[in-house]
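Quick note, the sequences are listed as chains L and B, same order. Here the first sequence is numbered in my numbering, starting from 1 and rising by one per residue. Here the second sequence is numbered in my numbering, starting from 1 and rising by one per residue.
Note that these hints are calculated values from the structure, not bench results. For clarity, every value in this text was computed on a predicted model and none was experimentally measured. Ideal Cβ placement from N, Cα and C applies to all residues, glycine included. Certain hints may be false.
Stated by the list, open to error - Across the chosen pairs, the derived CB separations fall in these ranges: (1) L357/L with R61/B: 27 to 37 Å; (2) D106/B with A350/L: 26 to 36 Å; (3) Q82/B with T164/L: 53 to 63 Å; (4) D106/B with L628/L: 41 to 51 Å; (5) I298/L with R171/B: 38 to 48 Å; (6) A284/B with G462/L: 53 to 63 Å; (7) A284/B with L628/L: 45 to 55 Å; (8) K104/B with F366/L: 38 to 48 Å; (9) A166/B with E112/L: 31 to 41 Å; (10) P237/B with M360/L: 55 to 65 Å; (11) R335/L with T16/B: 41 to 51 Å; (12) G145/L with K104/B: 55 to 65 Å; (13) Q82/B with A350/L: 21 to 31 Å; (14) Q82/B with T535/L: 41 to 51 Å.
Claimed, not checked - Covered stretches of chain B, going by a simulated chain L footprint (3 or more residues, C-beta under 8 Å): (15) 67-81; (16) 105-119; (17) 146-153.
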Amino acid sequence: MTITINPAIVSARVAKRHKNGRTPVFAYLSIAPIIAIMISIVGLPLLYSLFLSLNTTNPITKRWVFVGLGNYTKVFQSADFWAALGRTVYFSAVSVSGAIILGTVIALVLNEKFAGRGVLRSVVLVPWAMAPVSIGVLWSFVYAGNFGLLNGLLHDLGLGFFATAWLGDGFRALNLIALTQIWNQAPLTSLMLLSGLQSMPANLHRAAILDGAGPIRRFFSITLPWLKPSLFFITIVATINSLMTFDILWIMTRGGPGAATTVLSWLGYLQSFQFLRFGEGAATLYVLTALSLLLAIIYFVILSPNRRHRTVDQSTFSQTEETLRPVVRRHDMVRLPAWKPRQRIHPANARRYGRMLFGMTASIIFLWSALPVIALILISLSPAGDLIRTPPSLIPSRLTFDNYVSVLMADSGSTSVQAKRVPVSLLNSLSIGIVVSLVNVALGTLAGYGFSRYGQQRFFSGTLWALLITRMIPALTLVLPFFILFRSLGLIDTHVGLIIAYSSILLPLSSWMMKTTFDNVPISLDRAAIVDGCTRFSMLRKVLIPVVRPGIIAALIFCFLVSWNEFLFAMILTSTPKTQTIPVVIAGFLNQARFYEYGPLFAASVLAILPPVAIAFFFQRYLVQGALSGAVKG
Amino acid sequence: MASITIAGLRKSYRNTEILKSLDLSIKDGEFISFLGPSGCGKSTLLFCIAGLEEINDGSIRFDNREITELGPRERNIALVFQDYALYPHMTVRGNIAFPLQQQKVDQQTINKQVAWAAETLGLESLLDRLPSDLSGGQRQRVAVGRAIVRNPSVLLMDEPLSNLDASLRVRMRTEIRRLQRELKMTVIFVTHDQEEAMVLSDRIAVMKDGIVQQFAAPMTVYTDPANHFVAGFIGSPQMNFLPAGLSGYNNDLVLGVRPHDINPAKAAGDGVHFTGELAFVESAGPVHFLDVMVGGHLVKATCSDPSGLEPGSQITLKAPGHALRFFKSGSGARVHMSSQH
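When you get a sec, could you build the whole thing from the sequences and use the hints?
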């Protein structure tokens, strides 16, 4: 049998291939779903809210009037706006610098090897993994006027005369909210700094020791310059997170006392959902969005060219430059006198003091992270009467499961209406979390593959950056159009509505996480599978997905956690107990007119932090991986 | 520059002993190599001398000055790391000047000294570059520059050439040797590359399992190995080890003979003879290696002219008596015996 090859056909096929580029259709298919979904659930709502910001509405007559930039003019002319902007700047400055300084200390401690490091790392993560709503509940009870934990502690220590209504004073309240934000954000900054520290070659510090640099000098001359790029990134992320702060405000101060804690996000919320001035609210929120985007752009503009510059291609070095030329002597060696460094403390003592200082710092970090959570668990186990004792005290009179019994096994007599909602809301949170994470990780895995393998192509990299930019948009900006659109589509108060809303946050997150995961899988694996006869899809299914399974688990856990903790969307987009999630029900306790049902409230809060705490302790690795590749959780 | 005396040094991590009662005495201006397989403790020993690792027992003295208790900063030693550990955010000039700045040397002296180091290492045109803009060989020279700039009493090098490509490695080792002669430095050089150690050193400390197996001049280590391990570790291809009974010696001895000393026998005479089947001929340019199966053992031999040698044929090999080394088969200790049967 003879085989004849028609050269014309071959060259035609080759030409066709070239025309198509090297990107197979499969690559486009892999990111098509996520692009379509993101356009419809983020792009269109954003345009709609932009449209809103150019109109005024009358909530009673439902009349829309196009006012152009009128809303923006109104916003910029209002004293409230400038006051809120000032408070936002102050709040961000305090919380970001605090989170970075504290995060640096935590990262330095966790970077050392010591017994109990694994436990400390888990404990440190808890404040960040908890739902902001639970954090708000916890810290507002810490600062509460009559019966608060802080006052209780002061009374226990015999310092009762210091006790005061901590959140009563406006400026103090703003600072205490910032402190709460630091408590929540420091773990994230420390995680990112820790990964920076761990990528630092150990020999760098050894070299500096031998060169005569002491510990403080080494921190400023070696560690800090090494961390500079991470610090810059963290500053941006933390600033955007503080611009978006909303949940803890809602729980703790609601913008008060007076307007003392009314930052921009709260102002936008008030205008949109309390005063129903959608146009003005949208305008305020767009200003907030613009601020976040500005920060993001600053980051990309300043850092991206640097990064590109840094990876100098080693192959550009010519071989000839290595030839050693004969040395022409023009300089002579200076014989330095043998160096005698000042020895203030004997090395053995220095080591001992160092260890003591380290132990103290580690203990303080432990107490700072764990004590409030332990207190929350303790008060949830206290009888209701303990919480309104005069004078207050931290020590429970006895331990009881009454509060849990009343929220989990409702009986018609003693359980209040709100407490009865807890079991259903837990189930809602669980089912929504599971569905949302499965859907998003499935789509994200597909897209992550496309972005990882074809990321250098303009279309793919552009899409990827667009996805990342959506993470810089405050959820508040999205929730307003969601609310209005869902109302007309009948999606308010449905599980589907919440799942759609959550996907707007989680799709970019999961595809970014999966892209980073696929980046670590060598492309030769793809090629081997293709050569061995797989189609693109079966290669993904049979070869790559088993390899990236840990990354998929990390993405699932992370998406579940974000969905479990989410409050804003759930609060605005649900209205009845049949769809409310646990954070909404917890917040609902605070809406009750007469008195706070402290016991069931704390029991519900502890139930709400169980999954995050469990994840921090048992799936820490995945959580850290998620935090580092996502690095964007609010 | 200084002499170094190490006595009874012990080092363990948790329950594993890394260094087991180690004694070494290094003269002023000597070039010493620590040679051994990975995990033998050579880098740990270097870090103990540098003071980067605390020792459990024993003493280290520089010029009879006890330094065991001193921190690394006070020992006045310099170390060139395997990964060079250049400060990534400082220029070449900044890197080289850094140790002098820490010693609070005046700026003028720093400038002079940096100029001298740059000239010595051919780095003058690179002084304002960042380490990320340098090639591997240039980084290595910067690391050496940073080490020599402050006249350390001892220069320690931890596998400094292992990240370079082969031809550059050969050139850089010549350079290091020249520098050491010129500055009359005491150098301790850690390597797992026996060729590097042989070429560079005045003396080699061959290490295994935290114990110095032999500490002697390169050729002594090669021709007069202290035990089975040293004999097998030094020399390429590896020395042949055969049961001594095969040649009529005592059966609980191991006979060692280097491939270069064992050749096809042209005539009977002094030495031992082996007869076996020629399995394979490897031609490596000037020399040809013969793989011969002798009584179930593979013997590697050499010859200069392989013509007429057919794989599968019987061949007789001969090794002269002076080339034979004997070791106890259990402990591996060297056994000296007269060269006759």
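With 41 to 51 Å as the target window, see if D106/B and L628/L comply at their CB atoms. The hinted range 41 to 51 Å holds for D106/B and L628/L, with Cβ atoms some 45 Å apart.
*Do three or more residues from the stretch 105-119 of chain B put their C-beta atoms closer than 8 Å to C-beta atoms of chain L?*
holds (count 7)
| message | Assuming the hint says 38 to 48 Å, is it satisfied by the Cβ distance from K104/B to F366/L or not? | response | The hinted range 38 to 48 Å holds for K104/B and F366/L, with Cβ atoms some 39 Å apart.
Range agreement (Cβ of K104/B with Cβ of G145/L, hint 55 to 65 Å):
holds, 57 Å
| Can the suggested window of 26 to 36 Å be confirmed for the beta-carbon pair D106/B and A350/L? | holds, 28 Å
Cβ separation of L357/L and R61/B, checked against the hinted range 27 to 37 Å:
Holds, at about 32 Å.
Return holds or violated for the Cβ distance of R335/L and T16/B against the range 41 to 51 Å. The hinted range 41 to 51 Å holds for R335/L and T16/B, with Cβ atoms some 43 Å apart.
(request) Just tell me: holds or violated, for the beta carbon distance of Q82/B and A350/L against 21 to 31 Å? (result) holds, 28 Å
Using the C-beta atoms of P237/B and M360/L, is the stated range 55 to 65 Å upheld? The hint (55 to 65 Å, Cβ to Cβ) holds, given that P237/B and M360/L are roughly 59 Å apart.
Please check whether A284/B and G462/L have a Cβ separation lying inside 53 to 63 Å. holds, 56 Å
**Item:** Annotated coverage of the stretch 67-81 of chain B by chain L, confirmed only when three residues or more have a Cβ within 8 Å
**Value:** holds (count 11)
(message) Verify the CB-CB distance for Q82/B and T164/L against the hinted window 53 to 63 Å.
(response) holds, 60 Å
The earlier numbered hints are all upheld by this structure, with none contradicted.
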